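Asker: Below, each chain spelled out in residue letters.
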Amino acid sequence: MHSRRLDNHVARVRSHGRCVHGGTDVVTNLQRPCDGCNRSKKADRLIVTTSGFLTARLRKIQLHSGVRMIPAFDERGYLSAGVHLASLDEVEARFGRQSEVRRVQMESLQWLVKLATKAGVQRLIINGSFVTERSEPNDVDCALLTGADFPRDKQAEQDILDGLPFLQIALIGQEDFDYLVDSVFATDRQQITKGVVEVIL
Amino acid sequence: MSLQSWREVDATREKLRLLEDRCRIIAARPCHNEHIRELSLRSFKAIINQMKEEIAIFESHASSAPTCKQ
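As given, the protein sequences belong to chains A and V, one line each in that order. Numbering that gives the first Met the number 0 applies: residue 0 is where the first sequence begins, and numbers increase by one. Numbering that gives the first Met the number 0 applies: residue 0 is where the second sequence begins, and numbers increase by one.
Worth double-checking, as some hints may not be accurate.
Unchecked claim - In the DSS-like style, the derived pairs of lysine-lysine whose C-alpha atoms are separated by at most 30 Å in a straight line are:
1) K117(A) with K44(V)
2) K51(V) with K193(A)
3) K44(V) with K113(A)
4) K193(A) with K44(V)
5) K44(V) with K153(A)
These are calculated hints, taken from the structure and not from any lab test. Just so you know, these numbers come straight off a predicted model, no measurement behind them.
Required output: the full structure, derived from the provided sequences and hints.
Answerer: The structure is reproduced here in C-alpha cells:
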C-alpha cells in the first residue's frame, strides 16, 4: 500500500516535471528487491534537493517501502546533492564502523538520536566530514528541527544543549532549519555541492 | 575542520555573511516562540564563531608562512 502511494507520487512528479509538494526533487531509477516477494523490482528513488519537500508522511512511506538508499560517493568523496533518508542502523553500517574515530562518533550520534527523540525533535540532518569518504572525519555537524511540542523533555533538551563529543549541534525552528540545510550544508568549503543524510527518528 | 586555501576562505566568508544576515533576520522578525528563536540564534552564532575561528587560524598561518597568496 505504502509502495503504491509512493509510486503514485513519483508518477505525479514525472508528469508535472517537479514535485507537487513544491520541492525540486529529482527522480532516478534503480533496481531493488521487492519487499513482498524478494524479486528484483524496478523502483524509484527520490533525491530531495530542498529540505522542505519530504513530508513526515512520505518519509514514513519511504521507511516502510524500503524505497531509499544512501547513494555511493562521487569522485570527490561526497554524497550526491540532496537529503538522503536513512535509519540509524543504515547510518551506522555506512559511516559508523570504518575506523575507531568513526565508531566513537557513531556512539555520540546514537546518544543524540535518543535525546532528540525524547526532547521532541522532528528531524535530524547529519552533515560534515562524517558523511563523506574520509576515514577519520573531523566532525559531525547535526541540524535538529524542533517539533511543535519541543521541548517534550526538558532534561533531554538540556543534555543536547550541553553537547556531545564530536558533534556540532544546531537546534533550530522550521524556517531556519530549511535555510541552514539548503544554504549552508548544501555546499562544501569550495562551494561544491554535496549531499547530507537525514536520520529517520 | 581547517581551511586549506584562500578559495576556501572566500567561500567560508560568503557563508559567514549569509549566516550573519540570517541572525539579523531572526532577531528582527516577529516570533510566537521566543524559546525556539533563542535556540536558533544560539545555534547560528555557534556556527558563525566556528567559521570565524577557522578563518583567523588560516590567516594567522598564512601571514607567518613564506608563501604567496594563491
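Asker: Each of the hints needs a verdict: does it hold here or not?
Answerer: We went through each hint and held it up to the structure:
no.: 1; hint: K117(A) with K44(V); verdict: holds, 25 Å
no.: 2; hint: K51(V) with K193(A); verdict: holds, 22 Å
no.: 3; hint: K44(V) with K113(A); verdict: holds, 25 Å
no.: 4; hint: K193(A) with K44(V); verdict: holds, 23 Å
no.: 5; hint: K44(V) with K153(A); verdict: holds, 22 Å
The structure shown violates none of the earlier numbered hints.
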